[in-house]
Amino acid sequence: MIYVIGIGLKVGHLFLMLCCWIVSVISMNWLGNGGVMDIKTDFLGDGGKLWVNLWEKISGNSFKVHHHYYQYIESKRVRKTWWWKLLVIWVGFFIIVSLWVYWYMSSQAVEKRKETLASMCDERARMLQDQFNVSLNHVQAMSILISTFHHGMNPSAIDQRTFARYTDRTAFERPLTSGVAYAVRVLHSEREQFEKQQGWTISQMDTLEETPVQEEYAPVIFAQDTIAHVVSLDMLSGKEDRENVLRARASGKGVLTAPFRLIKSNRLGVILTFAVYKTDLPSNATPNERIQETDGYLGGVFDIESLVEKLLQQLASKQTILVNVYDTTNLSNPISMYGSNITDEGLQHVSGLNFGDPFRKHEMHCRFKQKPPWPWLAIMTSIGILIIAMLVGHIFHATVNRIAKVEDGYHEMEELKKRAEAADVAKSQFLATVSHEIRTPMNGVLGMLDMLMDTDLDVTQQDYVRTAQGSGKALVSIINEVLDQAKIESGKLELEAIRFDLRAILDDVLSLFAGKSQEKGVELAVYISDKIPEMLIGDPGRFRQIITNLMGNSIKFTERGHIFVTVHLVEEVMHSIEVETESSSKNTLSGLPVADRRQSWVGFKTFGQEGSTSFSSSSDLVNLIVSVEDTGSGIPLEAHPRVFTPFMQVGPSISRLHGGTGIGLSISKYLVGLMDGEIGFVSLPKIGSTFTFTAVFTNGCSNLNEQKEQHISNQSSAVSSDFRGMKALVVDPRSVRAKASRYHIQRLGIHVDVVCDLNHGFSIIGSGSKAINIVLIEQEVWDKDLALSTLFASNLKKIDRGFPTKLFLLTNSIGSTRSGIPTSGNYTPSVIMKPLRASMLAASLQRSMNVGNKGNYRNGELPSLSLRNLLLGRRILVVDDNNVNLLVAAGALKKYGADVVCVDNGKKAISLLEPPHQFDACFMDIQMPEMNGFEATRRIRDKEYNISTRIQHGELSAETYGNVSSWHVPIMAMTADVIQATNEECSKCGMDGYVSKPFEAGQLYREVSRFFL
Amino acid sequence: RHRSRREQAQIMEVGQLQRKFVDYTASLFCEGFLDAQFTQLQQLQDESNPDFVVEVVSLFFEDTEKLLNDLTRALDQQIVDFKKVDAHVHQLKGSSSSIGAQRVRNACIAFRNFCEEQNTDACSKCLQQVKQEYSLAKNKLDTLFRLEQQIAEAGGAVPM
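Chains X and D supply the protein sequences, listed in that same order. The UniProt record's numbering puts the first residue of the first sequence at 1, with every later residue one more than the last. The UniProt record's numbering puts the first residue of the second sequence at 1, with every later residue one more than the last.
With the rest of the complex left out, here is chain X (with noise of 0.2 Å):
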């Protein structure tokens, strides 16, 4: 049991060492041979040691294990036959490990075994001594006895007769000898008388002769009855039993004979001899006093065979084991002297015997019977290391195996990404390339249809070309969002920086929009907070694609109601969101429900983190959050998941219906992204959309004094100032609306009050508290009680204070106004047609008062002026080398009345712009030799700046250059080449836009309106 408890010790332990040496390989790898071999004697020695040093090794070696592993990634092959050697060595060394374990724990048993053999042999060995030396001893009492009674009486107490008796009953004490008898000495001087006393002769051993004459004799004269039959015969005549007799009575010790046949029984036996002498001799007396002082000789017989055969029947386990014993008194030639005799190779156990006689020398032999049983213990210990071992390096093989299948997986994973990342920028490039392909025709077509609606043509054919113009701008637009969409995909779309106004833009997408509504009667306004900066610095181009889109998509979907647009700072209506909880559905622009716009920025991540630095107003960021609300047919649920994935569309049949590609909304998601914003909506099915959308830009107006300044000279500029200090009232029951018609008005520098109803308008003129110049009557209110409207307008004409109260009607569309417009009392108010903006409403202003006739003022729609009629007139420089270009140029703005001069290079061109001059425009080539035309621009912008800041400060006076107190000529690019010529670029030195060679005469119209309308 507590063998097997150690063997289990030792496995544990084992096994504890080998998960070390797993641990530390698996760890270690990287370390290198040096490394492993460490481990490797480590393993031998304690395995607490190998613990501490293993992780002295780990972290000492942590960095280095990272680098080494980066460096392996690269070196995949390398590692892998790593992994491989170390496999082997990994197998190889527990192939010797279990072997060893195996050979230990048999060595263990064998010791075992022949421990015990030993141990019972031993045992064996001793009992058998122990039983001879009682019997010995037994025989050596007897010498005394014969010695006493025989000898130490005259005349001898003991005959035959009484020997064989005592001898007989006295056996049991001797159970090993089969019979004892007595010898006399008998010197031959004596053998007469003893013979004659006796009554026989003394005879021979071997022959039962009579014996021949001798020195002496050694006649048996009492024998135990078993042996009776050795009476009279010599003792010296028998070669052992002579050798015998003559050694005992020289030592005085029981001596024994060597194994031989006995003669009645013929089993082995051994006679043991003792001398018995006439004195008592001391024990240091010389062996020939010994001779002189012997009387006779008392000799047993053992029948060694059967004692032991006795003995060993008393033991317990004796078929275990075979006992030989041996006489080894002669070394090279044993006797056996018991048990068969078989020579196997066998495990043995030799032990020694001790029968008392020191000349003799006997051995015991014993042996196993069975053979050693196989040692199954070792055998399934060592296997079942082996199989964990093999497991391990079956798991650490998968691992490696599964590792590396994974970063081969992963390298081509990589490799199909790299691939499928150069497809896609291939595929983006193809699209870009494509769409300035045809980009490039349709220009020509473009052109080409613009000149043909400059010839004669009748109705129908006009009609023809101005269906051809609009699908062939409508290609455009789609190409162009194309080109957007793959710049999107290759990155490559950037934001550019410059100073707008935003109002401006606004305006102007308005104009763009202002047809359309018209046409479907749809109203359309726009609504920007006085909190925003007139002027920001940011990308104007892609803030107004972001809300033409939207605007767009609205105008599509929206056949009544309304599309509305307002602009706030973000902190603005971050403040206002408890606030505005009155915005009821009624209170809209065109009083249909809408969509609740705050709906749309829940999930925006600004108003998440109210209060963050990003509000700081000290900041010069601006946060506008601009939104799109429209009274359309809303988003269907099930889209609202796609409305921002490109070329996605509602549905098929929108497409059919309205056209487009489904990426605009993409597009404007990732511009407000660029915008540092976010985009989202509110959809109702039937009730409409709002968009909205957050941007940060910066202002434009570095301080606050400047602010100011710039906001006054901006609406100086912007419109005339002829209306500033006038005061308007509006009759407006609708808040929102009133509210949008407040701010274009107030635009134009006009005070405005606002009422909901005439009655009430009427009262605050009436009670003169304040002059009223305009009086701007919602058509719905004027519509709805015309006799009171008549009575009002004949009213506001009555009360007359020395300047007229102008009348004018608000209205979406012509189509709209009754026809009854009130004519009574010969007082007909001037219509305004909506979408107001602040140049429309000037001009319309202006008109219908005549203040400021300066003809300047159009109303806002895109004027179907021809471009002869922009152009006639104005002085015009065209800069380019190109002769040929040059001539090509100047003639095309001629044709247009224009009145052109050409310089061929960009030094006369700087010098001809320089202040005060009268071009009203110029046009530049880029690719130019010596200067180009980016650099003249930017000298003469700073010439121009120069200048201008010195007339304003006075240095200069204004008279000499021409009362122009701020110098800045149009400057157009002219390249053939449209993708150098980036917006940005020719923005970033100056230039107000380009135009594409050879001139285009939409395009060139497009960019010549921007300053001559």
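There may be inaccurate statements among the hints.
What the hints assert, rightly or not - Now the stretches of chain D that chain X is said to cover, found in silico as 3 or more residues with beta-carbon under 8 Å: (1) 46 to 59; (2) 80 to 92.
Claimed, not checked - Part of the chain D face toward chain X, derived, beta carbon under 7 Å: (3) Asp63; (4) Ser95; (5) Ser98; (6) Gly155.
These aren't lab readings, by the way, just hints derived from the structure by calculation. Here the structure is a predicted model, which means the values were calculated and not measured. All C-beta atoms, glycine included, are put in the ideal place defined by N, C-alpha and C.
Given chain X, put chain D in place with the hints provided.
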């Protein structure tokens, strides 16, 4: 009213010439010698500027011949100054596209690509190509102007 024979013949001649002119112009567009820009150029010509096209094209010939000479010289140099070559070709490309000489322009585009690669041999080949295209264009345009002139001399109007 009776027209004299001579007049009638003249009218017929003018008609023929006009037809020929139209066909010839069409063939120039068809074969890609000219593109829409040339049409634009023609449209820029009006009473106030009656010889606009001829003026522009002559200027083009003049410039181009100078540029081609410059180019030939530049490419003959031991060390070719590709920047200079590129500038010349750019000029040529600009003016050829301005008058709508499409094939010259296309040749220039190819030329510029090789300029970027700084491939002297290919550039020389391209120069030959451009020269060839130029002389072709020049011939065609000269013929066209001759026809125009004949029409004008015959008293007809040049059809647009």
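Hints, verified against the model:
no. : hint     : result
1   : 46 to 59 : holds (count 7)
2   : 80 to 92 : holds (count 3)
3   : Asp63    : holds (6 Å)
4   : Ser95    : holds (3 Å)
5   : Ser98    : holds (4 Å)
6   : Gly155   : violated (25 Å)
In terms of the numbered hints stated before, the structure departs from hint 6 and from no other.
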